[in-house]
Each structure stands twice: as C-alpha cells, then as structure tokens.
Amino acid sequence: MNILVASDKFKGSLTAKEACRAISEGLNAGSPRRDLHIESIPIADGGDGLAHSLTGFCGGKWVELEVNNALGAPIEAGYGIIDQGKTAVIEMATASGLAMLSPEERDPLHANTFGTGELIRSALSQGVTKIILGIGGSATNDGGTGMVLALGWRFLNDRGEEIIDLPHRLKDVVEIHPPQGPPLPPVLVACDVINPLLGPEGCTRVYGPQKGIAEDQFPLHEERLNHLVSLLGAEAQANEAGSGAAGGLGFGSLVFLAATLTPGFELVSELLGIEAAIERADLVITGEGSLDRQSLEGKAPFGVATLAKKHGKSIVTFCGISEDNLEDSFGEIIEIRNPDEPLETNMSNGKSNLRSAASSFAGRSLT
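With my numbering applied, the sequence shown corresponds to residues 45 to 411, in that order.
Hints should not be assumed to be uniformly reliable.
[As the list claims (entries may be wrong)] In silico DSBU-like links for lysine-lysine, alpha-carbon gap of 30 Å or less:
(1) Lys105 x Lys61
(2) Lys357 x Lys61
(3) Lys395 x Lys353
(4) Lys130 x Lys174
(5) Lys395 x Lys105
(6) Lys105 x Lys174
(7) Lys55 x Lys215
FYI, nobody ran anything at the bench for these hints, they're computed from the structure.
The structure presented is a predicted model; accordingly, all values stated were derived computationally and were not measured.
Build out the structure end to end from the sequences listed, making use of the hints.
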C-alpha cells in the first residue's frame, strides 16, 4: 500500500518536516500491515516554512546571516540555495515577519522590509540567476520600500536629501531613483492572497489589524501607500490581485523587482512533484495546525486535498483543531488535540499527539 504524507506545519508546535515524520511513525506503529510504503513530502505555501521545505527537499544549502528585523533589531535569518546554485529561495517572514516580534513590539507605522532586502542582496552576491520569494506572514505595511532601500534604491525629499526612515517618512518622498548596475534576475513571488494594495479589500484594512493597525490609523496608512503609487505611476499594479500581500510587498515586488506573482502552493507543488506523488499513492494524508475557512484560500493542505480528489485518491487530514463541515474539502478530518487540555499543553505535546492520532487511524483503517 502506497501512502503519501504531505503535511504542512502545525504552527507554533511542529515544522512540516516534523509533522510528516510524526504521522509516518504513527502509521508504521499502528498498522499491522507490513507492506506500507510511505512517501513523505513536507509542504508549504507562500508563508512560513517555504524556504526550508524547498531547500531540504531539493538538497540545497542553507545560508545564515545577520539582518535587521522589521524594527531594525539584528536577528539571524537565512535562505536556501537550490538548483545547483542557480536559485535562491527566500521567505520574508524569516526577516520581516510578524512572528519575529512580540505583540507589544508591533509597530506598523515604522515596521519595514529592509531585512528582506538584505536577504535578497546576500543571495545576489552568491551569483543566483533566479529568486523565489515567499511573502506570507509579514509584520509590515510599507509597500516594499524597505526591501528596495536595502537593494540600493534612493528615496529623496524636496531638498534632494535621502530619506531612509521608511515607511514612517514615506509622504516626504518626492523622487525615487533605482540603483545603478545590472538588472535583477527573474523574481518569482509565492503569493496566496488576491487583495489589491488599496481600498476596502486592500492590505491596510484587511490585514493591518493583526499587525497592530488601529482603525483610526487606516487613513494614514492608505495615504502613505497611495502616495507611493502616485510617485511610481503604478495605479495598474496597485490594482493587481496580490499586490496587497504582505503589507504591499506584492506591489513593491511587481513595481521595483519586475516580479511575477504566482499562487504559492502551485509553485511548491511543481517544484516538489506533489501531483506525481499523489498519482503514485493509494492514500493521501495531509495536515496543518488549524483547519478553517481560511484553509480553503490557497493553503497547502487544501491544494493537496484538491489534487487528491482530482486523481480519485482517498484523503485524510490531521489537524490540531478544525471548524465544522469541512469534510467535503479535506476528506476524513482527525483532530489531534486533547479537548481536556489547554491550548499551550496541546501545542507542546503536538508531536506525541500527532503520532498517537496517526497510530490510532492506522490501527482501525490500515488493516
């Protein structure tokens, strides 16, 4: 019996690789069958875990360096080099992510993507000819200005003075100049939202509150980003689906990097050979920490489940907690949490809970 285990992370508890290992160990321990062949592929979409998943699967190397977090504090971050040194895999969340800040530190008026630009700059120094950039999980709302400041773009006020305090002083900028030198290699952005940059469905109103933007600050953030759009003459790009991703980093990638935005799971699926692995399998197992309606919006487990159904394969989804009535999308859903324990305990016991749940499933279903 061929089983594909393609799980995403259980956020705050298990990485995608750890989740796949726990499920595989549980299946082997619980099933009396000795003909199980388990193929394990840790997955990700455009958010946390993209770089590690692709780098590990492709046998690439990991590059660590010190960069600035979203508020300018030094942190260790990294990126992957795959495809025989030709492609860099970067996720902005490792440098400019919300998870890098405590709730008390969130400051979207000043938070920027400079550290993401530092990762790109380092990758360019490695001689890569292609960049894959995942832009989920940001702490920022700067339109990508911090990123390109790190790449040598110059932002000038009406006196010709350089402004580096971005996005805080973005409205003082009257000219933007690109750096000298060769153009960037192709940049492919893994982007799993379709929001535009501005307006009711834009990054400020939809994603700003989770980053600390109060409702009375919406106009200020909108004005700053709208000013950026006007300076660049980039109204069309501001209206493109995904331009509002990661506090406008989607927009910044389009305008400054001439990037291509693509759904994260589609990108990952192609690189990891997910569809071919599903075709080889008799049973497909996926998972993530929280299964809810947002999981239907481009998240990796939903992508796996959709491909499994396309090929007529049985699908089982493990999760920490699930909303009701998602079985049509995810097949059999198995919660691993102990309902009598608090969230913190369940998360700390994630590995054993997942292994145990997989073992129980195997004992009753893989006989």
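(request) For the pair supplied as a hint, Lys105 and Lys61, confirm whether the alpha-carbon distance does not exceed 30 Å. (result) Satisfied, since the Cα-Cα distance of roughly 16 Å is no more than 30 Å.
(request) Could you grab the alpha-carbon distance between Lys55 and Lys215 and see if it respects the 30 Å cut-off? (result) Not satisfied, since the Cα-Cα distance of roughly 36 Å exceeds 30 Å.
(message) Would the hint linking Lys357 and Lys61 be met if the CA-CA limit is 30 Å?
(response) Satisfied, since the Cα-Cα distance of roughly 23 Å is no more than 30 Å.
(message) Hinted pair, alpha-carbon criterion (30 Å max): Lys105, Lys174. Please report holds or violated.
(response) holds, 15 Å
(request) Decide if the proposed pair is consistent with the structure: Lys395 and Lys353, CA atoms, cutoff 30 Å inclusive. (result) Roughly 28 Å between the alpha carbons, so the hint for Lys395 and Lys353 holds.
(message) Would the hint linking Lys130 and Lys174 be met if the CA-CA limit is 30 Å?
(response) OK: Lys130 and Lys174 at ~6 Å, within 30 Å.
(request) Mind checking the alpha carbons of Lys395 and Lys105 for me, to see if they're no more than 30 Å apart? (result) holds, 26 Å
Consistency with the previously given hints fails for number 7 only.
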